[in-house]
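Assemble the whole structure, with the sequences as input and the hints as a guide.
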Amino acid sequence: MSRKFTPKVVTANDLLEGDVIWLTEDDQWTRHMAEAELIVDEAHAQIRLLFAEGQLAHIVGPYLADAQAGENGPEPTHFRETFRTRGPSNYAHGKQVEA
Amino acid sequence: MYTYSDFDRAFINARNAQFRAQVERRIDGSLTEDEFRPLRLMNGLYLQLHAYMLRVAIPYGTLSSDQMRGLAFIAEKFDKGYGHFTTRQNIQYNWPKLKDVPDILDELAKVQLHAIQTSGNTIRNVTADHFAGASADELEDPRPYAELIRQWSTDHPEFQFLGRKFKIAVSGSPTDRAVTKAHDIGLRMVKNDAGDVGFEVIVGGGLGRTPMEGKVIREFLPKGDLLPYLESVVAVYNLLGRRDNKYKARIKITVHENGLDKYRELVEAEFPHRRAAFNGIDQELLDQIRPQFKSPYFTTAPKAEFEKAYAKDPVFRSFVDTNTATHRNDDYAIVTISIKKHGATPGDATAEQMRVMADLAEEFGHNELRISHEQNVVLPHVHKAHLPAIFARLQQADLATANVGLASDIIACPGMDYCALATARSIPVAQELAERFDALKLEHEVGELKIKISGCINACGHHHVGHIGILGLDRAGVENYQVTLGGDGSENFAIGERAGPGFSYAEIVPAIERVIKAYLEEREDDAETFIETYRRVGMAPFKAALYPDADKGRKHAA
Ligand code: SF4
Numbered sequence: 001m002s003r004k005f006t007p008k009v010v011t012a013n014d015l016l017e018g019d020v021i022w023l024t025e026d027d028q029w030t031r032h033m034a035e036a037e038l039i040v041d042e043a044h045a046q047i048r049l050l051f052a053e054g055q056l057a058h059i060v061g062p063y064l065a066d067a068q069a070g071e072n073g074p075e076p077t078h079f080r081e082t083f084r085t086r087g088p089s090n091y092a093h094g095k096q097v098e099a
Numbered sequence: 001m002y003t004y005s006d007f008d009r010a011f012i013n014a015r016n017a018q019f020r021a022q023v024e025r026r027i028d029g030s031l032t033e034d035e036f037r038p039l040r041l042m043n044g045l046y047l048q049l050h051a052y053m054l055r056v057a058i059p060y061g062t063l064s065s066d067q068m069r070g071l072a073f074i075a076e077k078f079d080k081g082y083g084h085f086t087t088r089q090n091i092q093y094n095w096p097k098l099k100d101v102p103d104i105l106d107e108l109a110k111v112q113l114h115a116i117q118t119s120g121n122t123i124r125n126v127t128a129d130h131f132a133g134a135s136a137d138e139l140e141d142p143r144p145y146a147e148l149i150r151q152w153s154t155d156h157p158e159f160q161f162l163g164r165k166f167k168i169a170v171s172g173s174p175t176d177r178a179v180t181k182a183h184d185i186g187l188r189m190v191k192n193d194a195g196d197v198g199f200e201v202i203v204g205g206g207l208g209r210t211p212m213e214g215k216v217i218r219e220f221l222p223k224g225d226l227l228p229y230l231e232s233v234v235a236v237y238n239l240l241g242r243r244d245n246k247y248k249a250r251i252k253i254t255v256h257e258n259g260l261d262k263y264r265e266l267v268e269a270e271f272p273h274r275r276a277a278f279n280g281i282d283q284e285l286l287d288q289i290r291p292q293f294k295s296p297y298f299t300t301a302p303k304a305e306f307e308k309a310y311a312k313d314p315v316f317r318s319f320v321d322t323n324t325a326t327h328r329n330d331d332y333a334i335v336t337i338s339i340k341k342h343g344a345t346p347g348d349a350t351a352e353q354m355r356v357m358a359d360l361a362e363e364f365g366h367n368e369l370r371i372s373h374e375q376n377v378v379l380p381h382v383h384k385a386h387l388p389a390i391f392a393r394l395q396q397a398d399l400a401t402a403n404v405g406l407a408s409d410i411i412a413c414p415g416m417d418y419c420a421l422a423t424a425r426s427i428p429v430a431q432e433l434a435e436r437f438d439a440l441k442l443e444h445e446v447g448e449l450k451i452k453i454s455g456c457i458n459a460c461g462h463h464h465v466g467h468i469g470i471l472g473l474d475r476a477g478v479e480n481y482q483v484t485l486g487g488d489g490s491e492n493f494a495i496g497e498r499a500g501p502g503f504s505y506a507e508i509v510p511a512i513e514r515v516i517k518a519y520l521e522e523r524e525d526d527a528e529t530f531i532e533t534y535r536r537v538g539m540a541p542f543k544a545a546l547y548p549d550a551d552k553g554r555k556h557a558a
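Protein chains in written order, with UniProt numbering: chain A, 1 to 99; chain B, 1 to 558.
No wet-lab data here; the hints were simulated from the structure. Incorrect hints may appear among the rest.
Claimed, not checked - Derived DSS-like pairs: lysine-lysine, alpha-carbon spacing no greater than 27 Å straight-line:
1. B:Lys308 - B:Lys262
2. B:Lys167 - B:Lys223
3. B:Lys223 - B:Lys262
4. A:Lys95 - B:Lys80
5. A:Lys95 - B:Lys223
6. B:Lys341 - B:Lys441
7. B:Lys248 - B:Lys167
8. B:Lys441 - A:Lys95
9. B:Lys246 - B:Lys77
10. B:Lys341 - B:Lys312
11. B:Lys215 - B:Lys262
12. A:Lys95 - B:Lys99
Claimed, not checked - Covered by chain B, per the in silico footprint, the following chain A stretches (three or more residues, Cβ under 8 Å):
13. 15–29
14. 51–61
Claimed, not checked - Across the chosen pairs, the derived CB separations fall in these ranges:
15. B:Ala439 - A:Asp27: 48 to 54 Å
16. A:Glu98 - B:Ala439: 56 to 62 Å
17. B:Glu352 - A:Glu53: 24 to 30 Å
Built from N, CA and C at the ideal position, the CB exists for glycine as well.
Structural data, given as structure tokens:
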């Protein structure tokens, strides 16, 4: 039996800035995870990833990351993805101050 | 110090112009990421967790004041005002924008630095003893040979697509400050029975997933044979090394799987051909390089002020005792500037601090700076008369922490705060440990202790050779830290032993504190260092300190 599908978001880095970005429902890239499309269906996840892979002129390294529904939108479930929404812990740099 | 020849300059400029065009083509969409990635990596440009990262080589860890100022300028203009010095004598900028990178490379070229071969399956930045040319125990300054290796390995057509990355370290001293036994090739200068100086050649060392101590493949290599011999070792690896499995591709596995004797035989069979092909050109180059590393003209000055300050001022005395090392000239000292103030990020320096260090080197240090693999900055040639003035200036710049070689002088890789490969964070663990040691006010009593932290199994933080090593892992979606004890990167090389189950982020700092307290109880006297005590008593008392409950459990069961 295959593992149960858990909700996902499509995420990548912006080509010019290197900044973390997420794919929205209306095919835009956002710098805020809460605005991302939360994908709950496995087949749809593959379609969305394929879409992202067609955008490589503007983005780098898209992949599906685990997420869950939160009050304001999708939230990370793994600490790596949490750090990606914030930036480093040793300085107030990155999204935690730029968002 | 080495200055670029016309050839070096033309080569770097041509490479930078090529890369500028490649970046333009990536941005306008004519290159795909798959096409662009190998090109950017060849020029030291990575994409990390939050941003791009540019890794700049500091060949054999040597910088002039102007070069340090160049690094400061880049930090300020193109980054967030700081740079991170690494265990491979590189500097990393954590926030460059893609379109700025060609300009950064041009700025680097102005001060004769580059980012070529700081990534990819090539021969990487050659590292050296950070006290080279200054230490009292050295046979010879190894840097002319390191520069020869840099020139030979840069853009070497045969070695641009090795099976895996390849790292070379050089030391001119019997005290190994360059971790030569943990490199693909380690070179240690030795004297033979006839009194000639040559190289002991060590191959197949490395840390990472499969840590291995390098093995001596040639006990004495005449200096004149260096390049043909190195080329033979790398050529054999290039053909024999595995390319089917990334984790078995380093030379340490090649040597391990084929056996040192067979590897040596193949190298010796290759060597005469290579030597004949060199035709003396390497020696001509070396003759041009050597005068550029000639010893500075040492000055004389009255030392009375220094001696008075040393006798009277305990803070200055502590700095001198902890942060200076014996220079080959009695009137001089080697000053290590700790960029690891308690709570700071190991290896980070602000642009302003870089400038202060550059100025000090210019005024008092014959214009030379070094970056150590322990992520500190060294002024290799300082007359003792100038130590009080230097100390005062360092204090103003928040750079006077007297902790070199002590518990808070921690090596830490960027870990999951920056690195895309990380499985856990390392920087905040180092910060919290250092702050804890500062609060305990114990580290001077504890004495020499090397703590090294990596954020994943790749071991950039050298945890295997830390007296106390910490490896950050991801255990079921939670950060978990494994402790190894008894590692040693010096001439008494040893790979640390795993103590037992890992600790959570919240548990790791108290766990290390228990290890240190156990050492204080176990040591015979103040003079016995942590590593000496560990060698004498073994793992048991430290294990008991790390896992007090496990011990209780056993007693209950009995
Ligand atoms: S040890 Fe791992 S986490 Fe640390 S810098 Fe190296 S690859 Fe990144």
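- Sort out which numbered hints this structure fails and list those numbers smallest first. Failing hints, ascending: 1, 5, 8, 9, 16, 17.
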